[in-house]
Amino acid sequence: MLSILQAKKLGINACIDKIGRELCEKYSDRSASSYGQYGDVVNCFVGLSTTSFHSENIDNLVLTEEKQWDYFAECSVDLYSGEIIFL
Amino acid sequence: MKDSITLSSSASMQVSLDAIFNGNAGLTEHRKRLLEHVPNSNDWAALPLGSLETKDIAYLSAATHHEFAILRGKTKDILFHGTERHCFITGELFDLLKAKKLRLIAHSHSDRGRIIPSQDDRDFLTYIGQKSSTIISYITGVEIEFSADIFNE
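Chains as they are written, first to last, in this note's numbering: chain A, 1 to 87; chain B, 1 to 153.
None of these hints come from the bench; they were simulated from the model. Take these hints with a grain of salt, some might be off.
Claimed, not checked - If we take Cβ atoms under 8 Å as the criterion, some of the chain B residues that face chain A in the derived model are: (1) E92; (2) F94; (3) L96; (4) F124.
All residues carry an ideal CB built from backbone N, CA and C; glycine is no exception.
I would like the entire structure built from these sequences, with the hints used as guidance.
In structure tokens form, the structure reads like this:
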């Protein structure tokens with residue numbers, strides 16, 4: 001059985017490969033990944049944004065549910081079999 | 001046995017959140033007191049260090065249908081009450097985050113299925129120089145960890 005961290009590593013890398021490693025490296029400073037356990041699987045996500053984040057002279061920070069990733073991939077990794085299924 | 005206990009805890013949390021979300025159950029006294037500190041959107045309160053758990057904001061969110069966030073400094077926890085879709089942080093809290101005197105421990109989402117971080121969530125981490133943080137769904141109780149560095153394995 002995979003550990004959650006092992007599954008995370010498999011899943012995030014699979015998502016990076018799905019999007020394209022070169023593209024991910026190009027927008028690595030505008031990317032995010034996530035993982036979480038849902039029963040017997042670990043769901044993994046990688047998202048890229050091509051929009052720059054201008055942090056100069058801002059006076060606020062926002063946490064929001066509004067997601068508009070330009071490129072993304074999601075997969076589930078089965079903890080028992082290691083099978084990866086893209087969502 | 002351990003796995004069945006874990007699953008029961010997850011299932012029972014989802015049942016609890018669902019009941020509170022739909023108005024069929026109320027918050028515990030402890031969480032009612034937490035909410036009394038931040039009764040309205042954009043309210044925030046400093047509480048004793050370590051007094052907030054990620055699950056607390058899931059329950060507060062289920063009760064109010066608003067996002068909440070937990071920030072943590074060296075001596076205090078900060079509970080922030082957001083709006084239906086945002087936690088918009090300005091003023092003193094923004095200054096503390098900018099000075100890296102606070103960390104983002106967790107915030108809540110209403111995602112029913114898989115929880116996905118937003119670009120704003122990502123930019124938040126980048127701005128305060130933090131690698132990762134937690135998002136909890138106040139519908140399912142599931143927690144995810146998100147990171148601004150996809151190559152950090």
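Problem set entry | Hints not upheld, ascending by number | The structure conflicts with hints 1 and 3, although it agrees with all the remaining ones.
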